[in-house]
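Can you build the whole structure from these sequences, using the hints too?
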Amino acid sequence: MKERLRFVVNGDPVEVAVEPATTLLECLRQDLHLTGSKQGCDKGDCGACTVLLDGRAVLACLVLARAVDGRQVTTVEGLASAGRLHPLQDAFDSQGAAQCGFCTPGMLMSAFALLEENAQPTLEEVRQALAGNLCRCTGYTKILDAVVTAAGVIQASRPAPPGRSGT
Amino acid sequence: MSDQRQGGPPGPGDGEAAAFSVIGKRNRKVDGRRKVTGQTLFTDDLQPARLLHGKILRSPHAHARIRSIDTTRASALAGVHAVITGRDLPVAYGIIPWTRDEYPLAIDKVLYVGDGVAAVAADDERIAEAALELIEVDYQVLPAVLTVEEALAHPETQVNTFAGKGNVSKQVRLTFGDVEGGLAGAEVLVEDTWFHAGSTHAAIEPHCAMGDLGADGILTVHSSTQVPHYLHRELSRVLELPVDRIRVIQPAVGGGFGGKSEPFDLEFAVAKLSCLTGRPVKILYTREEVFTAHRGRHPMLMTYRVGADRDGRLTAVQARIQIDGGAHSSFGLVTTYYSGQLLGAPYRLPAYEFDSTRVFTNKPSCGPKRGHGSVQPRFAFECALDMLAERVDLDPIELRRRNVLGPDTRTINEFRITSNGFLECLAGVERASGWKEKFRRLPFGRGVGVAGSTYISGTNYPIYPNEMPQSAVQLKVDRSGRVTVFAGVSDIGQGCDSVLAYIVAEELGVALDSIRVVTADTDLTPVDLGAYSSRITFMAGNAAIAACAGVKRQIQEALAERWGVPPGQVRLADGCATAPGVPSHSLPIAEAFQAAEARSGTLGGVGSYNTPKDVHGSYRGGTIGASPAYSFSAHIAEVEVDGETGQVRVRKIWVAHDCGRALNPMLVEGQMEGSAAMGFGEALLEEQAYDERGLHRGPSLLDYPLATTLDTPELESIIVESHDREGPYGAKEAGEGPLHPSIPAIANAIHDAVGVRLTRLPFRPPAVLAALQARYAAGLAWKGHRG
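Top line first, the protein sequences correspond to chains A and B.
In terms of our numbering, the first sequence has 78 at position 18, counting the first letter as 1, and numbering is strictly consecutive.
In terms of our numbering, the second sequence has 455 at position 90, counting the first letter as 1, and numbering is strictly consecutive.
In short, the hints are calculated from the structure, not lab data.
Treat the hints with care, as some may be off.
[Stated by the list, open to error] Coverage of chain A stretches by chain B, computed from C-beta distances (three or more under 8 Å per stretch; other residues unrestricted):
hint, stretch
1, 83–97
2, 105–114
3, 133–144
4, 158–164
5, 183–197
6, 201–210
[To be verified] Calculated Cβ distances over 12 Å to all of chain B for the following chain A residues:
hint, residue
7, 67
8, 178
9, 180
We put the beta carbon where it would ideally sit given N, CA and C, even for glycine.
See the structure below:
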């Protein structure tokens, strides 16, 4: 028996009917055709399906679709705005952090969640934040570098805090 | 316009002093923006209308005869559209034409736990799974042989009935030079036995395929394959359809590493199910199915005898290797040769013999994994060299230097070596790691180790004998200034689509964003043999340069005529055509294309590459391992070993690799880092293991531990460029070679740290602790070299 859900994906309200056992990943990929989130294991081991649920990184294969009723979901398709890459996406692209690209959406979402919480992470903090996202291509070096680079770019683009002036 | 390149004089782009616009730069990948935005479509992202979902029923037994299969109830289930069994696909196939020894679905008997027996197509995956439950298979369980010893002891329990008799899959014994004399005359002899337990690729994208028989009678198969051309041929054989009725398309592939380099049951199943239903049918492997599809690194038991004189110069090497092949041949014929043939460099072996035997067992088939067939022997041999260095009291790097083979020579097994940057690799890691201050000088529990290796840049002979080019590129050169590159190559993440774009941009002076690359579609692209044996940059790169040559000439001639200069003075670079000295002799590239099109007609180019065919030994098997060029690598690993727990931590690996020329250093580093990390995982974490019933011990990405960000050591890449005279701009391979030294460098570092020589992979804490305790028990407290 299908249930009707309403939630917001990447800022857009959506309404879908799903079976009770449908996962958020299945709902995103098959019902909403948002195929950016990937299925690598379907049991919470690989991190390729990482999305944000109300701003927190979750594994979409371990979340039932019905659990997101009324909530906010952000996927990799929602990172770029108006055709402009998010600094994380740009850094992944410019630094060769995406080889096959299959883990990339999940990596980006975990990294995005990290930077929302901790704008200036140390390399060790980046390692910790991405420990649930497996990559088989890169050895992680360029991924870690890209996240650190993106954090710097975001920081530099923020207006200087009030009360401080030059000289 | 058609040009072919082959081993020979330098072609365009080979100029040593050429100032490149695109080549050698850290350019972005042509598919990068799509990958970071989630727009890249992998096979499972294709969701056409009327799509059916397939599932495969798999054997719970390691070895059993199929008495009967009843699919009646499954076929009757609502939402099920078709059910097939092995009898529906009765033609045997195999990636190597001489060993076609598998069926898409088992017919008479199953050979391992996970062997496919039936497949269904249904409205959705859940209905398909429910239908599998309704298929009744009557098995007569047979004795199973799960180890090499059992398989050889019980030839009457034959695993693969295509084998002549018994369970020997392939045996190769080759002798070069006076091995007995070299060993007898050796002043120092090192002998030991090493074991590589076998590992799997574990690409993050599971295998996926979709078949779609169109109303026009054309069967299209999309697949996450890394060999669309070979898949195309085998689909035609098995489905008994003419090859021109089949179109194979390889969408973006989420990692391969050799794990997608032959046909799998799902590709035949979706094709057949679509032919039966007239609807598109897709199958996505579960992660468990990926583990049992396997075709990963063979377990190898390797005994080496290495002789040398007192100065550490090798006198002879003798190897005896047992290879656990699993249920089918796969690439096993090649694996068996590679286990011996690829040891001929980077050291000069005055005499060499190997005797390798591959054996069938009732387990998932092994095949090619990154560094096919040679990673295991390299582990053993580089450890033996370390033992040798200790015996003759030489620095292990110095021992290696004393035995180098050098450039422009032949190996003992008669392979032609051209460029060779191995010495620079050794020097690079020695310097960067601070080796001299560390080796034998770090406190107990910390150590460094070194290892070297070589690998092929493609093979001189294709899998099925033919004289045609191994790779080809076609160009559509448009008056808008855009160039479309058509090539059969398989981008599996390594970046070959981008490499082709860099080359064409360099040759024709077009901006990178004006290049479109269309690859791996048998209806649209000329044949390339696939992403295996590290062949694409070398072969398709040369084909791309050849494809550009004629077009470039036409453009130069058109502008030379207009400007009154010799054609050779017309330069195409950075989006412009120019002639030196006269500022007015400058045109945007689109107008240059228009000038040439007006003068010569529609522009286009075809180029191909074929390998040199006369650069190998004339003995049987002398062609296997022959390559147009060889890459070289050296690693130094620094480790910490906890003497209480046996835990090994690799702090850092310095990776030097001679790739000839880095067409994009960023992509080369990515291959070096990824290779070293994969080798690291094999050294410490991974094992493709089965229990006594033949069940995989942990077919998940949690139980089969892939290294995470927290495990993976710091990696530092040092690119060495030896400028190979036959490679495109001097380039050679970078995708597989840099994996080889990881494992022995770590093993040798563990010895430097705590004085034990580990010979069985993986080096997990219990094994390390047991070795340490054995050493303590023998009263050999490790004083090391530190006094």
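For each hint, the structure was consulted:
1. 83–97: It holds: at least three residues are needed, and the stretch 83–97 of chain A offers 7 whose Cβ sits within less than 8 Å of chain B.
2. 105–114: With 3 residues closer than 8 Å to chain B, the stretch 105–114 of chain A meets the three-residue bar; holds.
3. 133–144: holds (count 5)
4. 158–164: holds (count 7)
5. 183–197: Answer holds; 11 residues pass the 8 Å Cβ test.
6. 201–210: Check passed, 4 qualifying residues.
7. 67: Holds, because the least Cβ-Cβ distance between residue 67 of chain A and chain B comes to about 18 Å, which exceeds 12 Å.
8. 178: Its Cβ never comes within 12 Å of chain B, the nearest being 16 Å, so this holds.
9. 180: Residue 180 of chain A is indeed farther than 12 Å from all Cβ atoms of chain B, at 18 Å.
Of the numbered hints stated above, none is contradicted by the structure.
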